[in-house]
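These two chains come separately, so use the hints to put the complex back together.
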Amino acid sequence: MYFDLTEEQYMLKDSIESMLASKNEDAQQVKKYDDKPGLDRDIWLALVAVGLPMVLPTEEQGGLGMGLLTLAVAAEVQGYYAAATPMQDHCLVVKALADHNAADGRLPGLLAGEQVAVLAWSEGQGNWLPSQWGLVEHDGRLNGVKRDVIFAADADFFLVGLQGQRLAMVAKDASGLVIEAVESVDRTQPISTLTFQNTPCEILTLAASQVGAIFDAALILQAAESFGLGRHSVQISVVYAKTREQFGRLIGEFQALKHQLANMALEVEPCQALYWYAAHAWDAIPEEAPRAAVIANAHITEIAVKTARAAVEVHGGIAITWEFVLHIWLKRAMHNKVRFGLPAAQRARSALLEDW
Amino acid sequence: MDLSYNAEYDQYRAEVVAFLVKNWNLALARDETYVASFRKNATQAGYLYRNFPKQYGGAGVAPDVLQAQIIREEFAKVRAPKELGGNGTMMLAPTLVEYGTDQQKEKFIAKTLSGEYRWAQGYSEPGAGSDLASLKTKAELVGDEWVINGQKIWTTDAQSSNYMFALVRTETDVASKHAGISYLLIDMKQPGVTVRPLKPMYGGHAFCEVFLEDVRTPADWIVGERGEGWAVSKSTLKHERNSVGAATGALDTFNKLVKVAKTEILDGKPAIESPLIREQLGVLEGYVRAHLYSGYYQLTKDAQGKSAGIISMMNKINSSNIGHKVAEIATAVLEDKSLISPVFSPDHKPGNERWVNQILGSLAATIGGGTSNIQLNIIAERGLELPREESKN
Ligand SMILES: Cc1cc2nc3c(=O)[nH]c(=O)nc-3n(C[C@H](O)[C@H](O)[C@H](O)COP(=O)(O)OP(=O)(O)OC[C@H]3O[C@@H](n4cnc5c(N)ncnc54)[C@H](O)[C@@H]3O)c2cc1C
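Going line by line, the protein sequences match chains A and B. First residue of the first sequence? That's -18 in the working numbering, and the numbers climb one at a time after it. First residue of the second sequence? That's 23 in the working numbering, and the numbers climb one at a time after it.
A few of these clues could be false.
Under the rule of at most 27 Å between Cα atoms (straight-line distance), these lysine-lysine pairs were calculated in the BS3-like manner [unchecked claim]:
1. Lys17(A) to Lys284(B)
2. Lys281(B) to Lys291(B)
3. Lys(-6)(A) to Lys12(A)
4. Lys211(B) to Lys221(B)
5. Lys76(B) to Lys129(B)
6. Lys284(B) to Lys13(A)
7. Lys127(B) to Lys223(A)
8. Lys371(B) to Lys256(B)
9. Lys158(B) to Lys223(A)
10. Lys221(B) to Lys17(A)
11. Lys284(B) to Lys371(B)
12. Lys223(A) to Lys221(B)
13. Lys287(A) to Lys158(B)
14. Lys104(B) to Lys129(B)
15. Lys127(B) to Lys99(B)
16. Lys287(A) to Lys347(B)
17. Lys4(A) to Lys221(B)
18. Lys76(B) to Lys62(B)
19. Lys239(A) to Lys414(B)
20. Lys287(A) to Lys211(B)
21. Lys287(A) to Lys129(B)
22. Lys223(A) to Lys414(B)
23. Lys62(B) to Lys160(B)
24. Lys287(A) to Lys284(B)
25. Lys12(A) to Lys221(B)
26. Lys239(A) to Lys223(A)
27. Lys347(B) to Lys239(A)
28. Lys291(B) to Lys328(B)
29. Lys281(B) to Lys221(B)
What the hints contain is simulated information worked out from the structure, not anything from laboratory work. Computed from a prediction, not measured in an experiment: that's the story for all the values here.
The shape of chain B in the complex, shown without the other chains (with noise of 0.2 Å):
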């Protein structure tokens, strides 16, 4: 065990200081344009889109996860702007990476990564959510087209989306339901593609009901071949997990509960100073910290290639679990101001009553990329190699 990086690394992490340094001015963090040319250096600097080819707009540098590590705590530590979140950036454009054609990557990775193409996930359905593979979207090739017509539901950000990248069912006759569906790639800014927004129970934008009726898409934007999206989208879900980034996630929020409760006064004394309080937080941060160290070890053998076996089943679920935990702290430190609705607006900026947005959105975490059930599934048939419950379908 060596928590140092070697010589090498710790070189390599005075020249992302250096960079930033020089790079990085947070006084216009609000500023886009300034933000976004900021995104382009960093780029060609190595240190942003590290591993999408130089030609697609990414910094073509080999994978490195402890480089990635290294300027992750840097960047955060003067809080630069990393890659741009959402599905276009974290999952389409590494899917294309390894799956598309020389003309998908060439259309898609370079404008996805600058942020001008926005992307929605079209995998749910209504009759379609823990049974994903069940799906009824329906594609058929119709000349050099494919005529799509089904809906998808809980699509996060569809109602500010270009583009969908989506599973639908194009064959028929196949051995299992899995066998059936295609990847495709669709325009979301034609006839057919109804887009309703459904609001979250925390308030604001979140999700869409998207309804396709004879779509079109040109043949060539299938990612894969028929029959083979099943395969692709794993590699899609394969790319949104980020063991540490989940993790240090978990440490930051840990951190913020912290720093309220040492602000919010409970019956006359800081939360903090309460002996539940104190408890409660120190049975968290044992949760939080061996979530983020097994994070640290998944990050080891991902650097040598390996796998870390059934831990790396158990992020998500101890992300949400924590998640829930937080909340529960949360509303005892909040106490009153737990029962505002936080209002967020140009001209005001809410207290902590934030935290509502926490204690609501935590439950949305459980669900969003498989419930936890699901997880517990995993962990059990992948993790433990316990007989699967067959599906009957």
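With the rest of the complex left out, here is chain A (with noise of 0.2 Å):
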């Protein structure tokens, strides 16, 4: 048995680590955080550059193959420094696409991160899920309405989730698409909503479960993601708590402190394992992949939102200010807490799946 991240899988984070390090760090990030919210250019084309669009398609497609899991490791780094791109979307969308036709027109540009797409799939509500989508497709026309889309202003393409748990490609410029942008919560992850009014769509050419597996792909990866988040909201307050002072002693020689930084941990540390191995299960155990990603996704999106805030309270006043970093990781573990399902919604299709 050997239950670790390979050689090849160390050095990409490494890489993907040291690039964010320069271009993300806290300080770096609070000044952008007053920009308008969108996608950051230069981080995608360096994640562009270290090949990750190129990930998940097989080589038969013209893609690497290099499976999930070392996505999913590149995508709890982008957590950790809160990127501001929708990379896990886009690499998603390639999948589905390259699943549906390898030699489809669109991928070149979209596997050199030339063009930009991203997931609609939410329909408000709480419908999140491929059996709940509702948006139904006539003579290759849609008509409705799919919220919560991240990055959509700066999309070249959408990948719309219909009724009967299919899949459609629309473009940024057909007709009738309206995208209407929300004022969000979390500004690394901005959301809107898209209209379609007659608006033309092709759908894609994929087996139900393959569509379900493009699914949990995605429940794994923003488990990831939020695995990265959990754990920079652990890092910051372990730092914080070896400089503040009060008292005439470091906060963390409170007993009180260290048993709190030693529960953040707790809970963190062990989701590592549990979305290694969901993305593991999507590589190589395909039947477990279903349920791993839901366990794994209800799990640490919950914990990451718990860790946020328990970060905060760890830092007192300084971390109530939209001066210090700490929001950005709250706001965006709450935003993955709800994208693709809250964690009951989760659960209680796992039990689902599990007959229970």
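Have a look at this one:
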């Protein structure tokens, strides 16, 4: 048994880490945070240069076939640095399109990161899951609404979830498509509402199991990202506890603080193995993947919020300010917890999948 | 145990109700002049600013916590305005009643109660939060003036305040860090006072940094004696507490949450029909009601002039913990509406996404007025009489 990343995966992780550490360390983030929310092109191009869009498609599909675990490790680091790009969405659209037709004319531009693609799944009121998609296609046209679409203003293509667990591609300039930005709590992943009015779309020829696999992969990548968010919350809190003094000593000397921090670490650290397992299952034990994805997503997205809130409490007044970094992670964690369905909805699905 | 108020109090309630019927018109709630004159009438009738002396703009009635509770209940029913909020009416004015000189009372109380004077609480400093007594802002008596130098932080509403009540270090050769502190009143509108607003993570205004450079205040604007500031500030902190007030607020929030859960749709049904939401709300209601009824008990003890014991040390953290739980349930109920940053403007009233401010603000509540850890220390050390964790300064 070897339950660990490969050397290659560690190298990829290191390289993304050092890239993001130079482009998106905490102080830089605070500066960027007041800009109009949107795609961080600089980071986008650097992630593309690492080859992330190539990771999932198989070699026959023109990709690298390195598997979801590799991509998930990259997502973890992007969470840790709260990078403002839709890279995970993009990689999933690429995979769906490659599964649909490896010779699709849109693929080269997407693989090269020249175009950006994102997921359009939510219909509001908790309807994120493929079984809940209600948007209907008639004669290749769409009429209706998709909500909570991230980076819509920067995207060239949308992978839209349709009734019957189908997926369709819609181009940004498709007729009758209106994109309305929403003032988002999480400014690192701004959201928009898409309205389709007789908008042309192209249904992808994917089996239901393939659509399901794309959804599972989305859950897993988000779990990985949320683990990164959680780890950042612990890390920054530990550093603070070792520098802030009250009552003539480091606050980290108080056992109350020690136990708080230890409990935060205790919640977060085991999540690494949980998302690794889910990603590995997606790569190698497909029959286990749907449940592993749900368990990892529900567990980790919830813990990321809990941990970010705990981190705010550890810091005291400073963490309530806009100028301090912590709320950036808190808000992203809040977003991830809701996106693709709340933990409760995921767990209900997990119970059904296991026939409980 | 008897939950009814006796006949005397029933009579009192009837008077309050009659007053409100005659004097309060909810349709004019936004008319500031109307509201100000209502407050004046209500004060004269003995319903607001009850325990402040008449000569300083109060009602001058003897404290009676049951009457106060009746007023709270009846005013809340018809949404009539209560006392102005803020540091001035809730902290400074009661402190002056207890410790102020006649001149201080004369000069400050009435105009504070009317809202003309607004006050900032200048306690916390960058290096002195939980360990407030380590504060460094210094005041030296030069001639007939105090000269003040230092910095305050997290000062709520400093940008809109005329005055600050501040804790400053005036004494050096003293036995403890607490003994060197005095309580001064400072005019904020003078050279040397620089206010820098800090944006809170939930947007809007909340608190500020205040820099004090050779700021001056008259020698007799000290409240209490030199070196007595710590004790004086404790009286302020005492006034800040209102056990039942906070617990009623928690019940209010809970009821609103239930209402939202009835209107928001989750997976095709009102959220309240979800077994999980029902369970979570049910658990929360247990905490809310335990908190509320503990407030009744404290009210009773207060009325008898007795201490309610350890339970009275639990109000702040009980409210904070309820806030955490509300935030969690609100997220589940709102679902993707919790992703929207609420916009408040004259021509836009946010929908249920305004709960985002509760979700984020519940965190501020765990810190302001003493962090949850400090509350737990108080329960452990004062309530359970466990050995104190010694401070090293
Ligand atoms: C919204 C808001 C409004 C405020 N308004 C005002 C105001 O108007 N005027 C004013 O003067 N102040 C105000 N404050 C400041 C507030 O009182 C302080 O933030 C608070 O006392 C904590 O201090 P700190 O922020 O320095 O945190 P610190 O004291 O540095 O605390 C950091 C961490 O260490 C922990 N800690 C510290 N000591 C101990 C210990 N002995 N045992 C265990 N854990 C410990 C704390 O619990 C916290 O987790 C406000 C704060 C907020 C958030």
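Do the hints match the structure? See the list:
Taking the CA atoms of Lys17(A) and Lys284(B), the gap is near 35 Å; set against the 27 Å cutoff, the hint is violated. With a C-alpha separation of about 14 Å, the suggested pair Lys281(B) and Lys291(B) falls inside the 27 Å cut-off, and the hint holds. With a C-alpha separation of about 25 Å, the suggested pair Lys(-6)(A) and Lys12(A) falls inside the 27 Å cut-off, and the hint holds. Taking the CA atoms of Lys211(B) and Lys221(B), the gap is near 22 Å; set against the 27 Å cutoff, the hint holds.
Between the alpha carbons of Lys76(B) and Lys129(B) the distance comes to roughly 14 Å, so the proposed pair stays at or under 27 Å and holds. In summary, the hint linking Lys284(B) to Lys13(A) is not supported, as the alpha carbons are separated by about 39 Å, beyond the 27 Å threshold. For the suggested pair Lys127(B) and Lys223(A), the alpha carbons sit about 45 Å apart, so the restraint of at most 27 Å is broken. Taken as a hint, the Lys371(B) and Lys256(B) pair is broken in the structure, with Cα atoms around 39 Å apart against an allowance of 27 Å.
Under the criterion of a C-alpha separation no larger than 27 Å, the hint pairing Lys158(B) with Lys223(A) is consistent with the structure, at around 22 Å. A distance of roughly 17 Å separates the Cα atoms of Lys221(B) and Lys17(A); the hinted pair therefore holds under the 27 Å criterion. Restraint check: the Cα-Cα separation between Lys284(B) and Lys371(B) comes to about 20 Å, which is no more than 27 Å; the hinted pair holds. Taking the CA atoms of Lys223(A) and Lys221(B), the gap is near 26 Å; set against the 27 Å cutoff, the hint holds.
This hinted pair does not check out: Lys287(A) and Lys158(B) have alpha carbons roughly 35 Å apart, beyond 27 Å. For the hint pairing Lys104(B) with Lys129(B), the CA-to-CA distance comes to about 23 Å; that is within 27 Å, so the pair holds. For the given pair, Lys127(B) sits about 33 Å from Lys99(B) by alpha-carbon distance, which is inconsistent with the 27 Å threshold. The hinted pair formed by Lys287(A) and Lys347(B) meets the criterion: a straight-line CA distance of about 11 Å does not exceed 27 Å.
Among the hinted pairs, Lys4(A) with Lys221(B) is consistent with the structure: their alpha-carbon atoms are about 25 Å apart, no more than 27 Å. With a C-alpha separation of about 12 Å, the suggested pairing of Lys76(B) with Lys62(B) holds against the 27 Å cut-off. This hinted pair checks out: Lys239(A) and Lys414(B) have alpha carbons roughly 18 Å apart, not beyond 27 Å. Between Lys287(A) and Lys211(B) the CA atoms are separated by roughly 42 Å; this puts the pair beyond 27 Å, and the hint is violated.
At roughly 48 Å between alpha-carbon atoms, Lys287(A) and Lys129(B) are farther apart than 27 Å, so this suggested pair is violated. About 16 Å separates the Cα atoms of Lys223(A) and Lys414(B), which keeps this hinted pair within 27 Å; it holds. For the hint linking Lys62(B) to Lys160(B), the alpha-carbon distance of about 39 Å lies beyond 27 Å, and the restraint is violated. About 26 Å separates the Cα atoms of Lys287(A) and Lys284(B), which keeps this hinted pair within 27 Å; it holds.
At most 27 Å may separate the alpha-carbon atoms for a hinted pair to count; Lys12(A) and Lys221(B) meet this at roughly 14 Å. Simply put, Lys239(A) and Lys223(A) have alpha-carbon atoms about 10 Å apart, close enough for the 27 Å limit, and the pair holds. With a C-alpha separation of about 23 Å, the suggested pairing of Lys347(B) with Lys239(A) holds against the 27 Å cut-off. In summary, the hint linking Lys291(B) to Lys328(B) is not supported, as the alpha carbons are separated by about 50 Å, beyond the 27 Å threshold.
Distance check on the hinted pair: Lys281(B) and Lys221(B) sit about 31 Å apart at the alpha-carbon level, beyond 27 Å; violated.
Hint violations for this structure: numbers 1, 6, 7, 8, 13, 15, 20, 21, 23, 28 and 29, all remaining hints satisfied.
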